[in-house]
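Enquirer: Chain by chain, the residues:
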Amino acid sequence: MGPSDHLFRREAGRMVSALTRIFGVHNLALAEDVVQDAFCRALEVWRMRGVPDNPSAWLMATARNRALDILRRRRTANNFAPELGRLVESEWTIAPVIHEILAADAIQDSMLRMMFSCCHPRLSEPAQVALILHILCGFSVDEIASAFTGSHAAIEKRIVRGKKVLSESKRLFDTAVPAEFSDRLPAVQRALYLLFNEGYHGASPETSVRLELWSLFSSVKRQNDRKNPRPNSRPKLSQWRVNMAIYAIGAMRRTKLMIGGRILALAIQFTLARDAAGQQATSQLGSLLDRQSEIALVTGAYQICESSAAKYGCAAFCETA
Amino acid sequence: MSEFVFLYRGGARDRSPEQMQQVVQKWTTWMKDLEAKGHLKDRGQPLERAGKVVHGKHKTVTDGPFAEAKDVVGGYTLIEATDLSEAVELSKDCPIFEVEGAVEVRPVMKLNM
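One line per chain: the protein sequences are X and C, in this order.
Under our numbering, read the first sequence as residues 744 to 1064, first letter to last.
Under our numbering, read the second sequence as residues 3 to 115, first letter to last.
Just so you know, the hints here were simulated from the structure itself, not pulled from any lab data.
C-beta atoms are modelled at their ideal positions from N, C-alpha and C, and glycine is treated no differently.
Among these hints, one or two may not hold up.
[As the list claims (entries may be wrong)] Some residues of chain X that are not near chain C, with every Cβ distance over 10 Å (derived): (1) ALA772; (2) SER799; (3) THR805; (4) ASN808; (5) ARG809; (6) GLU832; (7) THR836; (8) VAL840; (9) GLN851; (10) PRO864; (11) SER867; (12) ALA897; (13) GLU899; (14) LYS906; (15) GLU911; (16) ARG914.
[Stated by the list, open to error] If you only want the chain X side, here are some residues facing chain C, beta carbon under 10 Å, derived: (17) LEU750; (18) CYS783; (19) VAL788; (20) ARG792; (21) VAL794; (22) VAL884; (23) ASP885.
All chains should be built: construct the whole structure from the sequences, respecting the hints.
Expert: Put into structure tokens, the structure is as follows:
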């Protein structure tokens, strides 16, 4: 666990999303408690014994055991996730079902569903972003308040209300229904855009977590596009790529790859500053902006103030690639 | 060299994921430093916060310990130092002080007469 690793933050989003599949979205608070318990336990054990070889697996196993305890103790008194139904009522099925939900690819799916759930139409954009940051990125109220330069009370109110809306929906958003998916997609894209934009302009120093969210989202989006090709999906896809490019540029700037849009400085930075986030951002930017025409798309979209920097970034990328 | 036990008491539990990460990292650094300087005899073990207390002639069993959260021992480490004052100095770098915790430094009794 190095100084640039944000294990707890990263795992918080994975674990809460997965546990919400088990407990049901109306038991979001319970899922959060289980995660907090697992973290406290990790803290107390790791500080004495050292961090284990696979800390993510350690945390997930601890949370899984706690979840099983709760299900066994309270299954008669509580309605957990409706989609699990009677599977959690039998000792024969309960453990395999929980294992399956907490497996890596199932967690990815849960995170994506959580992301879409957070972008509920009844919530304002700032509330959606605050929820994503809080639930999926593991940011505390104070950390979000400092990133948004808002007051603790205001952000807290936003998150409490957001969680209330979330827990009133019976289940996590189902991304497998194509119509609902594309209905809510613009909201999710906007939220992600704001997320990166705030991350860049605001005081928050973390990019790795949000980069991960973004790559999760984009990979699932690609899968979805393959599965559900729509005849009129072409313009949407372009817009999508543009958004992604903007995020990539934001991420690059966060890693100080661009200084004042100066191409020379940038080209030098490019070869020097190859940290993980920068590399990920640049390689994704490269795959997104492999044609000059798309640079024009970037400059037009969202009226971004960094448009000139974007051009320089792409040019520099082409030079170094 | 004499042996000492560090007993770790208290420490706020309500923290954000990022703060927890930092706490773990600080502890790791501190323990490594003790080890590198040859003071770490045994890393020790973390202790569950709750257990049972058996007491009295009637061996009454109650939930315990009764201490307030800030006084509960969360773990121990076995340290080697020349004397008590060196052991105390070593404890001062413990990250537990950043979260309102305490380290109790207790010399292990010497058995040789």
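Enquirer: Is the hint on LEU750/X kept, meaning its closest Cβ partner in chain C is under 10 Å away?
Expert: With Cβ-Cβ at 6 Å, under 10 Å, it holds.
Enquirer: Would you say VAL840/X is clear of chain C, with no C-beta pair closer than or equal to 10 Å?
Expert: Consistent with the label, VAL840/X stays out of reach of chain C, its closest Cβ about 27 Å off (over 10 Å).
Enquirer: Grab the minimum beta-carbon distance between GLU832/X and chain C and tell me whether it stays above 10 Å.
Expert: holds (30 Å)
Enquirer: Taking the shortest Cβ-to-Cβ distance between ARG809/X and chain C, state whether it exceeds 10 Å.
Expert: Nearest chain C Cβ is 14 Å from ARG809/X, so the label holds.
Enquirer: Classify the hint on CYS783/X as holds or violated, based on whether any CB of chain C lies nearer than 10 Å to its CB.
Expert: holds (5 Å)
Enquirer: A cut-off of 10 Å on Cβ-Cβ distance, and SER867/X was said to be off the interface with chain C. Does that hold?
Expert: holds (24 Å)
Enquirer: Quick check for students: does the CB of ALA772/X sit more than 10 Å from each CB in chain C?
Expert: holds (15 Å)
Enquirer: Verify that the Cβ of PRO864/X lies farther than 10 Å from every Cβ atom of chain C, and report whether the claim holds or is violated.
Expert: Since the minimum Cβ distance to chain C is about 29 Å, PRO864/X lies beyond 10 Å and the statement holds.
Enquirer: Can we confirm that no CB of chain C comes within 10 Å of the CB of SER799/X?
Expert: holds (13 Å)
Enquirer: Would you assess whether GLN851/X, listed as outside the interface, keeps its beta-carbon beyond 10 Å of every beta-carbon in chain C?
Expert: Correct as stated: the minimum Cβ-Cβ distance to chain C is 19 Å, above 10 Å.
Enquirer: For THR805/X, which was marked as not at the interface, is the minimum beta-carbon distance to chain C over 10 Å?
Expert: It holds; THR805/X is separated from chain C by about 13 Å at its closest Cβ, greater than 10 Å.
Enquirer: Taking the closest pair, is the beta carbon of GLU899/X still more than 10 Å from chain C?
Expert: At roughly 13 Å from the nearest Cβ of chain C, GLU899/X sits farther out than 10 Å, so the non-interface label holds.
Going through the hint list in order, the structure satisfies each hint without exception.
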